[in-house]
Every structure is written in C-alpha cells, then in structure tokens.
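These are the residues of each chain, in order.
2 protein chains.
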Amino acid sequence: VKVSVLGISQTKFGELWNKSLSCLLAESQFTAIDDAKISVDQIDAIFTGNMCAGLFSNQNNIGALAAQILNFKGPSYSVEGACASGGLALYAGIEAIESGRAQIVLVNGVEKMTDFGSEETTKGLSAACHEHEQMQGATFPGMCAMIARLYMHTYGLTREELAMVSVQSHLNGFVNPNAHIRKKISVADVINAPMVADPLTLLDCSPISDGAASIILCSKKISPKKIFITGSAMATDTILLADRKDLLSWPSTQKAALTALTMASKKISDIDVVELHDGFSIVQLLALEDLGFCKKGTAFKEKQNVLINPSGGLKSRGHPVGATGIVQAVEIVKQLQKNSKVGLTHNVGGCGTTSVVHIFEREM
Amino acid sequence: VKVSVLGISQTKFGELWNKSLSCLLAESQFTAIDDAKISVDQIDAIFTGNMCAGLFSNQNNIGALAAQILNFKGPSYSVEGACASGGLALYAGIEAIESGRAQIVLVNGVEKMTDFGSEETTKGLSAACHEHEQMQGATFPGMCAMIARLYMHTYGLTREELAMVSVQSHLNGFVNPNAHIRKKISVADVINAPMVADPLTLLDCSPISDGAASIILCSKKISPKKIFITGSAMATDTILLADRKDLLSWPSTQKAALTALTMASKKISDIDVVELHDGFSIVQLLALEDLGFCKKGTAFKEKQNVLINPSGGLKSRGHPVGATGIVQAVEIVKQLQKNSKVGLTHNVGGCGTTSVVHIFEREM
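In order, the protein sequences belong to chains A and B.
Here the first sequence is numbered in the numbering used here, starting from 18 and rising by one per residue.
Here the second sequence is numbered in the numbering used here, starting from 18 and rising by one per residue.
Treat the hints as calculated values from the structure; they're not laboratory data.
Heads up, a few of these hints could be off.
Treat identical chains as interchangeable: a pair holds within one or across any two.
Unchecked claim - Mimicking BS3-like on lysine-lysine, the simulated pairs with C-alpha atoms at most 27 Å apart in a straight line are:
1) K243 x K140
2) K272 x K313
3) K36 x K140
4) K262 x K358
5) K90 x K312
6) K284 x K320
7) K200 x K313
8) K19 x K237
9) K351 x K140
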C-alpha cells in the first residue's frame, strides 16, 4: 500500500444541538476539499462510515446523502461495523484506490447521536450480539466492566491505576479545541463519579457525541504534505464474548496490527504516536498490549515509549461512533505534520469483534 | 473486470416466521460454500449487504455476524445503500478482488423484515430524504405513484397496460420455487386490489419479505461453471426528487449501465436476460428505458427482445431489501447455466438515488 493523504478535516465534537447529520457531513466534506485544494469533480468515489443514522436520524443511504451534499454523481456508499465503521470506510477507500478504480477518494465518518433519549441510544449502540447477549441484559459497559474486574484480579491493577488512564486522556483532550469534554479530572473524580457498571464509573466511559471527520486520499505522490498510509488491515472475531478463549486479549487487534505493520515493513517500536480505541479506560490497557507496545498485564505499570491519544482519545475527544476511525486518522496526520514520523490508528467495533489498524508515515 | 463465479445460493423468500436473521445468513452462506466446493479457510473476505438489521433486529455489525457464523476471523463488513445494499456488496467484493487483497470472496445479501409492525417497517424503509421528504409525509410508494401519473399523462400509458407489468411478473414468479408470492394474477386483480397510492394498488408494489442470498467470487478462472462478471458499475443521484430535472428518467441507471457495458465491451442488445429492480410496476418501465433496451416512453408498447425478470422480480420473487441485489445475480447465473449467454443485473436504492449494474457472461 502507498496512498497519499491530500487533505483532512473534522468538525468540533460534542452535543451539537444546532447541527443535523447533513450539516455535520457538509461541514466536514467541504473543509476537507478545501484543505486538499481539489475540486469536487476530481473525486472518483466517496466512502462514509456510519452506524446509527437509520435509527437515530431516520435516514438511510448515507452514501447518497454525502454525494447529494456535494452534487456528486459517482460511486458513494456507506460501510458499517459498529464503532469501527469509520476505520472500515478508510479501509474500503484505500481498497478502491488499490483496485485502480479510483485515483482520488473522499472518506467520511459521521454520527449524530445526541438528539435522542437514552433508551433509543442504548438500542442503537447494540453492537453486542442481540440474540445471545443483549436479550439477556448484557450491555457494552457491563461487558467491559467484567473485563476490567478480571484484569484487576489477574494482573493486580488497582482502581487508582485504572483511573489514571482517564486522567491522562482528559489532560490530552484539554488542549484539543475540537474535543467534546475539555476538563482536567483527578483520580478521585474518576473513582467518585456515578457508577455505570462496577468498577467502571461515568469517567471511565467515553461520552455520546455528535461529529464528523473526513480524509481525502490519492493514489499518486502529489500531496505537498508527503504523508502516506503504508499499512491497512482489518480482522474480525466472534461477537459473542462467551465464545472467546481469553477475555483479556483481543486477537483481532493483534492480527490487524501484525498485518498492517508487516505491510508497512515496520515494527511496533517504530511507532511514534498512536490513536487507539479507548471506549472505556480498561480498553486502553488491553489495546496497548494487543497492539504490541508492551507485554500482557503490564500496560499500567510502565511509561510507554509512544505518544498515546494526543487528541484525548474517545474518552475526552468524544466518540461519535462512525466518525471515530476517521478522526483518529486526522489526528495522526496532524501529528505527522509536526514532529512524529510514524503513526498508527486502532479502531474497534464491539468488544474486539472488528479491529482496523492503519499505519501512517511522513516521508523524509 | 473479469471475476469468476464459484458458487451461488439463496434461501426461500417470504414471511419466514421461524427463521431469524442469523438463520437466514447461515443457511445462505453454508449453501453457497457447498455449491462452490470450497472450505471456509479458502475465503479471504466477506461482504454483506443489509439495510435495516440495526432497526429491525437490534443487531449491528452484520459483517461480524456473518463471519461469526462461519468461525471466520478475516475481513468482513457490511455496506448499505438502501434497496441497493446487495448490489453494492457485490460491487465492493469485486473491488476487493481487483485490488489484489483477496482471491476468493463471499458476498451476502440479507434482510429480516416481517417480525415487526407496519409503522416500524415504514420507518426502517425511510431511504427517502428524512429532512425534506419524509417529514413532509412523502413515502416511497407515494413518490412512485406521482411518477406513474406523470408517465401515464406524458406517454399515454393506460392503467391496464401498467397492470400488465405485475401480471407478467407473477407469471414468471409462479414457476420459481423460491418466490415469496407464487400466484397468477389478472389485470382486473391488479386494478381492483386495495389502493396504496393512486394509481398504484397493492399488486403494483413489491412485498415485504425475509430472505438471504450469497455468491462466491474468485479472481482466477478456476470455476468449472465458466461464468464471469465482466462489468461492475454504480452511480448516484440526489436523494431528493425535488432536485431532479426529469422525474421520468433515472440518470444513475443510465450512467451505471453505460459504464458497466463499456467495461464488458458489450452493447445493450447483447443482453439475453435481465433482472431489473421493479420495486413498483411503473419502475420496471423506467428501468427498461434507462438501461437502454428501448426508447423513453415506449417500454409498455413493444415486446422487448430480452428475458425480463425470469425469477418474478421484486414483485413476485419478493424484496428482502439487502438480499435483492445478490439474488438478482444468483438468478442471472442460473440463467447462464441454462441457455442465456449474457445477463445484466440492475439494483436500485431510493427513487434512482443509487444504481448498481453488473454484467455476467458465460464463456463459450
């Protein structure tokens, strides 16, 4: 793979009461097109990651909506893989360039989540297996809480150490003007926040956000920014946690990371900056270990030799699900425009059910 | 493009009260794998077209569900483009082979629609633009009825001539053991059926169905069946009918057909058999004209020189939306296994918003 990044954009993330799904998509798309310094008629295809517009906004065919906004008449469709929908759109966009069908593609992620009651939101986020988990009362926070308990029991993680993950995320997000929740928090704040699913409190969980992000890719080295995607991989695992051998590692992340790194001829120690999928604090520890930054059961013990979620991650930057995989890419590109040379994005749907990993490099 | 068809399958279509979404996917996938005479570990990627599982079955991440059923851990995601979701999955699967990332792909279409009340179904089928059409009370049958009225007024189509479209569809579906509605009907039956949206009655509209279909594709000529896909194209148009210049032609169909035929080096007169997207009787006339089989305003006047919807089409075979684009391909492959040499599938989302066209050929 060698795909060049031509332009990036994101909307502010948050509870954006005054912006509809269409508004978010329009703002994100037009800003990316401006950033790429191209015109709409240079775009060959559009890919959009979205999970819940059919339920939340009564709007299907989001690919056509994205196209309509730009008065674009070419190929445009949406892909879905729960919270990994954005990463999958990126994966599909790169595939279109590799196939030779497209030279320039626009890839969007979008989600409008906050106009609805909590019951509708819970229903919409039912990435968990409906027949065997959801109908038994298992929720996403509930399953991650079980994983957290097991991790604490197995590796000796304390409640305070777990809380430190959220504290650091908020410290990073505090300086990100587009972040949903810009507020420094303490270990005590996390521990004393309202309980969601023991041991996870409200401040261990990523928020429900609105937002969109876009990235424009190109098959040729015509980007003045000299930033490339050199690895692109995805892997799946059972939706049902009950079918897994080990709750403390996510093989789909391991497999996607290995494939993407191999594709880019890189080792994990080459990565300067990572935007990983921390839907819950505990999940950041699992991700660091499964991606290969450290040994299993040690992520909370040692300072990592990589910049982790400089944007604030899902926790502080916010998590408009379809947009997350794209805003991760946007953030990594921004970091490569500064000091970093090699970056990695890690986008997950479900409890490690769908993992998508991309490697970004700045050419010297 | 030159992609070989290794295997096909479909479930029976209908009101399948005793089969869940998972059951339908399982039956379809395993039957296709048997038909292709391959094992699961030969599959490189899975693509699934689905529109409404998040709303109807409380189940997202249908790509992961398809993978879980097969104990497959590789790339698998779903694509959505309203009633064109199946055709888009086929398009994406072919792109994966063309990109070199995959050698063998499994492509599914699935929809479970009949376990719900009519209000939920109507909401789920809101492919129309939510903000500008649906909120004003415009429904899909309502918009197609307007198109029918305009066509009758412009080209002199009579109510009886329009009814003949459904009569012929039911005649074809009567001999298809997998069709949802196997019942011969008369012109009088159509005209006297309950009114849905004047002039369209219940027998001008495709039914709400459950069903799944699968096709297995391969990059090399290892299929003993010698059937290939040689053209694959999609195009989009505005979701909003109000933004169109002409209600009586769908430029997305014209564009997709032209691109796919050019790709396959074929003329429309080379096509022996077509499975086209007749969600409503009037739409079959528009499709025949936009695909290029006859001049605008003449489809109802002359007998076409091509076998049209031998399966019964959406009207009689049934229309489980995500499955339709794939079952069209399955039917064309079956026809090529008999007498036909060149076939075409035409799958549409919305009122001509998303059109997907594929060309199939049997090698002599």
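Q. What label fits K351 with K140 when the C-alpha limit is 27 Å: within, between, both, or neither?
A. Answer is neither; intra-copy 34 Å and inter-copy 40 Å both fail.
Q) Using 27 Å as the alpha-carbon threshold, which applies to K90 and K312: within, between, both, or neither? A) Between copies only: 23 Å across, 49 Å inside.
Q. Using 27 Å as the alpha-carbon threshold, which applies to K284 and K320: within, between, both, or neither?
A. Classified as within: same-chain Cα gap 19 Å, cross-chain 65 Å, threshold 27 Å.
Q: Can you give me the call for K36 and K140, within, between, both or neither, at a CA distance of at most 27 Å?
A: both (22 Å within a copy, 22 Å between copies)
Q: Could you figure out if K243 and K140 sit no more than 27 Å apart (CA to CA) within one copy, between two copies, both or neither?
A: neither (42 Å within a copy, 46 Å between copies)
Q: At 27 Å max between alpha carbons, let me know whether K262 reaches K358 within a copy, between copies, both or neither.
A: neither (36 Å within a copy, 50 Å between copies)
Q. Can you tell me if K200 and K313 fall within 27 Å by alpha carbon in one copy, between copies, both or neither?
A. neither (31 Å within a copy, 62 Å between copies)
Q: Evaluate K19 and K237 at a C-alpha cut-off of 27 Å and name the case that applies: within, between, both or neither.
A: For K19 and K237, both the intra-copy (8 Å) and inter-copy (25 Å) Cα distances are at most 27 Å.
Q. Taking 27 Å as the upper bound on the Cα-Cα distance, should K272 and K313 be classified as within, between, both, or neither?
A. Cα proximity of K272 and K313: one copy only (15 Å, versus 53 Å across).
Checked against the numbered hints given earlier, the structure breaks hints 1, 4, 7 and 9 and satisfies all the rest.
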